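Peer 1: Here's the letter readout for the chains.
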Amino acid sequence: MLLINNYIPMIGVVIAFKRYRFHGSFLSSIFKSEWVGFGNFDFFFKTPYAFQITRNTILYNLVFIILGLVVPVAFAILLNEITNKWMTKIYQSVMFLPYFLSWIIVSYLAYSFFSIESGFINKVVITSLGLDPIKWYFEPKYWPFILTFFQLWKYTGYNIVVYLAAISGIDSEYYEAAEIDGATKWNQIWSITVPLLKPLMIILTLLAVGRIFNADFGLFYNVPRNSGQLYSVTDVIDTYVYRALRNTNNISMAAAAGTYQAIVGCVTVFTANYVVRKIDSDKALF
Amino acid sequence: MESTEKIKKSRLGNRVSPMTNIGINALFIMASVVCIAPILLIVAISFTDEKELLVNGYHFLPQKFSVKAYDYVITAGDTIWRAYGISIVVTLVGTLLSLLIICLYAYPLSRQSFRYKNFFAFFAYFTMIFGGGLVPWYMVYTQLVPIKNTIWIMIVPYLMNAWYMMIMRTFFRTTVHESIIESAKIDGAGEFRTFFVIVLPLCRAGLATIGLFCTLGYWNDWWLPLVFVTDNKLYNIQYLMYQTLNSIQYLASGSAQFSESSKVIADMPSEGARMAIAVISIGPIIFAYPFFQKYFVKGLTIGAVKG
Chain A
1 MLLINNYIPM IGVVIAFKRY RFHGSFLSSI FKSEWVGFGN FDFFFKTPYA FQITRNTILY
61 NLVFIILGLV VPVAFAILLN EITNKWMTKI YQSVMFLPYF LSWIIVSYLA YSFFSIESGF
121 INKVVITSLG LDPIKWYFEP KYWPFILTFF QLWKYTGYNI VVYLAAISGI DSEYYEAAEI
181 DGATKWNQIW SITVPLLKPL MIILTLLAVG RIFNADFGLF YNVPRNSGQL YSVTDVIDTY
241 VYRALRNTNN ISMAAAAGTY QAIVGCVTVF TANYVVRKID SDKALF
Chain B
1 MESTEKIKKS RLGNRVSPMT NIGINALFIM ASVVCIAPIL LIVAISFTDE KELLVNGYHF
61 LPQKFSVKAY DYVITAGDTI WRAYGISIVV TLVGTLLSLL IICLYAYPLS RQSFRYKNFF
121 AFFAYFTMIF GGGLVPWYMV YTQLVPIKNT IWIMIVPYLM NAWYMMIMRT FFRTTVHESI
181 IESAKIDGAG EFRTFFVIVL PLCRAGLATI GLFCTLGYWN DWWLPLVFVT DNKLYNIQYL
241 MYQTLNSIQY LASGSAQFSE SSKVIADMPS EGARMAIAVI SIGPIIFAYP FFQKYFVKGL
301 TIGAVKG
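Chains as they are written, first to last, in the numbering used here: chain A, 1 to 286; chain B, 1 to 307.
Calculated from the structure, these hints are not laboratory results. One should not assume that every hint holds.
What follows is a set of in silico ranges between Cβ atoms, one per label pair, in the way DEER data are often shown [stated by the list, open to error]:
| no. | chain 1 | residue 1 | chain 2 | residue 2 | range |
| --- | --- | --- | --- | --- | --- |
| 1 | A | 135 | B | 97 | 43 to 53 Å |
| 2 | B | 246 | A | 173 | 49 to 59 Å |
| 3 | A | 266 | B | 92 | 27 to 37 Å |
Result set (DMTMM-like, lysine to aspartate or glutamate): computed pairs, CA atoms no more than 20 Å apart in a straight line [to be verified]:
| no. | chain 1 | residue 1 | chain 2 | residue 2 |
| --- | --- | --- | --- | --- |
| 4 | A | 123 | B | 50 |
| 5 | A | 123 | B | 71 |
| 6 | B | 117 | B | 182 |
| 7 | A | 185 | A | 81 |
| 8 | B | 64 | A | 117 |
| 9 | A | 185 | A | 173 |
| 10 | A | 85 | A | 171 |
| 11 | B | 117 | B | 178 |
| 12 | B | 233 | B | 78 |
| 13 | A | 185 | A | 171 |
| 14 | B | 51 | A | 171 |
| 15 | A | 123 | B | 49 |
| 16 | B | 68 | B | 52 |
| 17 | B | 64 | B | 49 |
| 18 | B | 64 | B | 52 |
None of these values were measured; they are calculated from a predicted model. Glycine is no exception: its CB is placed at the ideal position from the N, C-alpha and C atoms.
Make a model of the complete structure from these sequences and hints.
Peer 2: The structure is reproduced here in structure tokens:
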């Protein structure tokens, strides 16, 4: 007993330490470098990027959270009402598929539609409407919609599955009783399904709110193909940090932005968790 | 018998009207088309003749059918097959190691008798809440654990995942009852034997779920090569596609046969080949999709019921 209870976790500790090292490395080079206090942060926040990337990150995530709640719940409820269960299965399978594709593939898909020379939209749709081709990868104004679309495209199916599982867990007696009392389908949805889904909706939303400072790097980097003309609407904290580290090689700046994200993110997670605990202490993360 | 009949009848009566049903179906057919159309488009492009693509752009229906792109990818794509191989190796090794480590961590936490389980559970949770960010992480793998530009860099960072560990712990806790372990102990099985011979086989569904999560994670990964891999012999299929989207010439540059003559490059079915690689990389996912779906749904339902 002692062996497994202590020995195996020890292996686990080693692994966990590996992850923990992500938080701050023990390298002597770090200790030997010059101490500048909040200098890097100061510098970072004086650039226009600090505001821009924070705004983009938060606004996109807000939109994603709202749509990621409303659309899947509505779809799950409707899907559950379809008479032919075979069709339900098919729809669910098809809509779940995008979740399994990588962002690289998604960027290919986006490219096949928006490619300036031969994309489906420029070549087929716009030509047949007799309009001028649009330089998609250079025009920021379209990208908030495109990015939101692909985010929804990729994750709606996944969320539908989650909510559908919750709906199928609802006791059918509620509906039978409601029906006997003469409740219409509409009444049943609003007075039974939605209230019973509420805890799950709240938890998932709050967890998403907790991660509001973390953007999906794949979406914001790959889908717009890292096009410089689009940074004003596609650059988020994660992509900024990556570019600062790898392209401009500005390590201090990248570290400052990354740390800023980690700390603010940590605070929002704790706040969100606090709210979750208030609502339903069982569902709190810690 | 009679009562179930009744319930069935009442459920039948409690259905939406046929008109509404048609409306909902129409909505979902549209949604499904939106979901699948982009994928069909790249499949169509990969089967379209190259000249046709350059002149008429991308269409859903190939005006001139051609398998030249696949032909090219299969015969000339040393780079592609190498990347494909790397992806397979990374996915297999990564998934197995990852499963082992996750289970070894999760199992003690699922046992009531383990004294430090709260500490170790928090130890894992904490990584989900706070991280040092990209820069220190990058430095660890480039300086402290110098595995940059080895195949391990695409495996090691994903080995432990606190979220999967929690799901696995819930799995152990709900499927393996303490009494089973007790009886194994009475029969003289050691802890390791109990774990590998009794507990793990009981949790086959859980292993499959987490295993598929890991497989998907490794197969679809482009982030680790993007950050760490500069050696083009180590590119995995996702990262190769990333490079290819930026410049199709990349494909040719890796293959000696083609790099010598620029004329061949000009003849290369570049647009089609690009999409053909994308289709080939989706292949295994489509193939494994029924399994994925089955276990993902299961895993999601269990993950939602946190223990």
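Peer 1: Give a verdict on every hint.
Peer 2: Going down the list of hints, with the structure as the test:
Between residue 135(A) and residue 97(B) the beta carbons are some 46 Å apart, a value that agrees with the proposed interval 43 to 53 Å. Separated by about 58 Å at the C-beta atoms, residue 246(B) and residue 173(A) satisfy the suggested range of 49 to 59 Å. Remark: the range hint 27 to 37 Å for residue 266(A) to residue 92(B) is upheld by a beta-carbon distance near 35 Å. With a CA separation close to 15 Å, the supplied pair residue 123(A) and residue 50(B) stays within the 20 Å bound.
At roughly 26 Å between alpha-carbon atoms, residue 123(A) and residue 71(B) are farther apart than 20 Å, so this suggested pair is violated. Pair hint residue 117(B) plus residue 182(B) holds up; C-alpha atoms about 19 Å apart against a cutoff of 20 Å. For a cut-off of 20 Å, the pair hint linking residue 185(A) to residue 81(A) stands: about 9 Å separates their Cα positions. Restraint check for residue 64(B) and residue 117(A): satisfied, since their Cα atoms lie roughly 19 Å apart, inside the 20 Å limit.
Proposed proximity of residue 185(A) and residue 173(A) is supported: the alpha carbons are some 14 Å apart, at most 20 Å. With a C-alpha separation of about 18 Å, the suggested pairing of residue 85(A) with residue 171(A) holds against the 20 Å cut-off. Annotation: proposed proximity of residue 117(B) to residue 178(B) holds, straight-line Cα distance about 16 Å (limit 20 Å). Distance restraint check for residue 233(B) and residue 78(B): the Cα-Cα separation of roughly 10 Å lies within the 20 Å cut-off, and the hinted pair is therefore satisfied.
With a C-alpha separation of about 16 Å, the suggested pairing of residue 185(A) with residue 171(A) holds against the 20 Å cut-off. Proposed proximity of residue 51(B) and residue 171(A) is contradicted: the alpha carbons are some 59 Å apart, above 20 Å. At most 20 Å may separate the alpha-carbon atoms for a hinted pair to count; residue 123(A) and residue 49(B) meet this at roughly 16 Å. Note on residue 68(B) and residue 52(B): the hinted pairing holds, with a Cα-Cα distance of about 12 Å set against a maximum of 20 Å.
Between residue 64(B) and residue 49(B) the alpha-carbon distance is near 6 Å, which keeps this suggested pair within the 20 Å criterion. Restraint check: the Cα-Cα separation between residue 64(B) and residue 52(B) comes to about 7 Å, which is no more than 20 Å; the hinted pair holds.
Of the numbered hints stated above, those contradicted by the structure are hints 5 and 14, listed in ascending order.
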